[in-house]
Amino acid sequence: PAYARAVEYFGEEYIKEIEPRHVLAFYKQLSSQNYTAKTIANHRIIINQIFNRAVVEGDILYNPCTSVKLPKAKKNTTRPPASLTDEKKIFESDNPWLFPLVALLTGLRKGEILALQWQDVDFEENTISVTKSVEHIGKKPHIKDTKTEAGNRLVPLLNILKAKLEPRKGSPQSYIFSEDGGKSPLYEHRYSRLYKDYQRDVGITCTAQQLRHSYATIAVEEDVNPKDLQNALGHADISTTMNVYAAARKRSTEKVAEKLNAKFTQTPADRT
Numbered sequence: 001p002a003y004a005r006a007v008e009y010f011g012e013e014y015i016k017e018i019e020p021r022h023v024l025a026f027y028k029q030l031s032s033q034n035y036t037a038k039t040i041a042n043h044r045i046i047i048n049q050i051f052n053r054a055v056v057e058g059d060i061l062y063n064p065c066t067s068v069k070l071p072k073a074k075k076n077t078t079r080p081p082a083s084l085t086d087e088k089k090i091f092e093s094d095n096p097w098l099f100p101l102v103a104l105l106t107g108l109r110k111g112e113i114l115a116l117q118w119q120d121v122d123f124e125e126n127t128i129s130v131t132k133s134v135e136h137i138g139k140k141p142h143i144k145d146t147k148t149e150a151g152n153r154l155v156p157l158l159n160i161l162k163a164k165l166e167p168r169k170g171s172p173q174s175y176i177f178s179e180d181g182g183k184s185p186l187y188e189h190r191y192s193r194l195y196k197d198y199q200r201d202v203g204i205t206c207t208a209q210q211l212r213h214s215y216a217t218i219a220v221e222e223d224v225n226p227k228d229l230q231n232a233l234g235h236a237d238i239s240t241t242m243n244v245y246a247a248a249r250k251r252s253t254e255k256v257a258e259k260l261n262a263k264f265t266q267t268p269a270d271r272t
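Mapped onto my numbering, the consecutive letters of the sequence shown carry residue numbers 1 to 272.
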């Protein structure tokens, strides 16, 4: 993804014409889109390697990345949830790749979903056990523990998701999202390609992280207790949950205002 964004941003320029100010503008654009400091640093690693290669091959005399500092990370920035339109399209889609639906209906992180095995899904108790996550190192998937002790949790298996998953149930040790018969999780490049294909086919633009925020937002709108929501999301700190909670409440308030504003622009006779 970092490489793809760099190509999208710089792709029309000759590499010898890219200056430090252009690199800084790229970082600032990422920052304005609320990417985290870690994500922006990953982009820096990628383009730094590209410019270093160009120096070695004699295409440029110096690497413009070396004189550019990363912009300061914004504090307490969270990405918005998916749009209501995207949520609706995912619910109604008959696309066989179920990753986005799982993200929307469980609130799990990307790595947690990719690490799910069929033994983690209890169709009798209607729960999903989260005990591990996938980390891609050199694009290869590696299983690791969840981010924190709070990451180990049970989340509800909602009826609509159960109906989609149960007919596909495989052997207990098989990974749900896999391309080698369940022996291993998806590689990073395959996950990225499948997600992009899904976005194009279904007509959505949201990310997996935004779908996690959608889950939290819907929970807030349905008056789920903040502590219960913290447990469901696997947050170690309640303040993280409350930031999401406050953002979701703001969206809910805006929806109420939109409806009431529309209503009260009518005359009393029109409203009867």
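Check each hint, because a few of them may be wrong.
[As the list claims (entries may be wrong)] Taking lysine-lysine and the PhoX-like style, the derived pairs with C-alpha atoms no more than 20 Å apart in a straight line are:
no., residue 1, residue 2
1, Lys140, Lys169
2, Lys169, Lys144
3, Lys38, Lys72
4, Lys38, Lys139
5, Lys196, Lys183
6, Lys110, Lys196
7, Lys162, Lys110
8, Lys196, Lys89
9, Lys132, Lys110
10, Lys88, Lys38
11, Lys88, Lys164
12, Lys28, Lys69
13, Lys72, Lys28
14, Lys183, Lys139
15, Lys196, Lys139
16, Lys183, Lys132
17, Lys69, Lys110
18, Lys38, Lys69
19, Lys89, Lys140
20, Lys140, Lys110
21, Lys164, Lys89
22, Lys169, Lys183
23, Lys72, Lys110
24, Lys169, Lys89
25, Lys139, Lys88
26, Lys169, Lys88
27, Lys28, Lys110
28, Lys196, Lys140
29, Lys144, Lys132
Calculated directly from the structure, the hints in this document are not laboratory data.
For clarity, every value in this text was computed on a predicted model and none was experimentally measured.
Now for the hints, and whether the structure bears them out:
no.	hint	result
1	Lys140 x Lys169	25 Å, violated
2	Lys169 x Lys144	24 Å, violated
3	Lys38 x Lys72	11 Å, holds
4	Lys38 x Lys139	17 Å, holds
5	Lys196 x Lys183	23 Å, violated
6	Lys110 x Lys196	14 Å, holds
7	Lys162 x Lys110	19 Å, holds
8	Lys196 x Lys89	15 Å, holds
9	Lys132 x Lys110	11 Å, holds
10	Lys88 x Lys38	31 Å, violated
11	Lys88 x Lys164	16 Å, holds
12	Lys28 x Lys69	11 Å, holds
13	Lys72 x Lys28	9 Å, holds
14	Lys183 x Lys139	17 Å, holds
15	Lys196 x Lys139	17 Å, holds
16	Lys183 x Lys132	16 Å, holds
17	Lys69 x Lys110	29 Å, violated
18	Lys38 x Lys69	14 Å, holds
19	Lys89 x Lys140	31 Å, violated
20	Lys140 x Lys110	15 Å, holds
21	Lys164 x Lys89	16 Å, holds
22	Lys169 x Lys183	14 Å, holds
23	Lys72 x Lys110	26 Å, violated
24	Lys169 x Lys89	24 Å, violated
25	Lys139 x Lys88	32 Å, violated
26	Lys169 x Lys88	25 Å, violated
27	Lys28 x Lys110	25 Å, violated
28	Lys196 x Lys140	19 Å, holds
29	Lys144 x Lys132	6 Å, holds
Hint compliance for this structure: hints 1, 2, 5, 10, 17, 19, 23, 24, 25, 26 and 27 are broken, all remaining hints hold.
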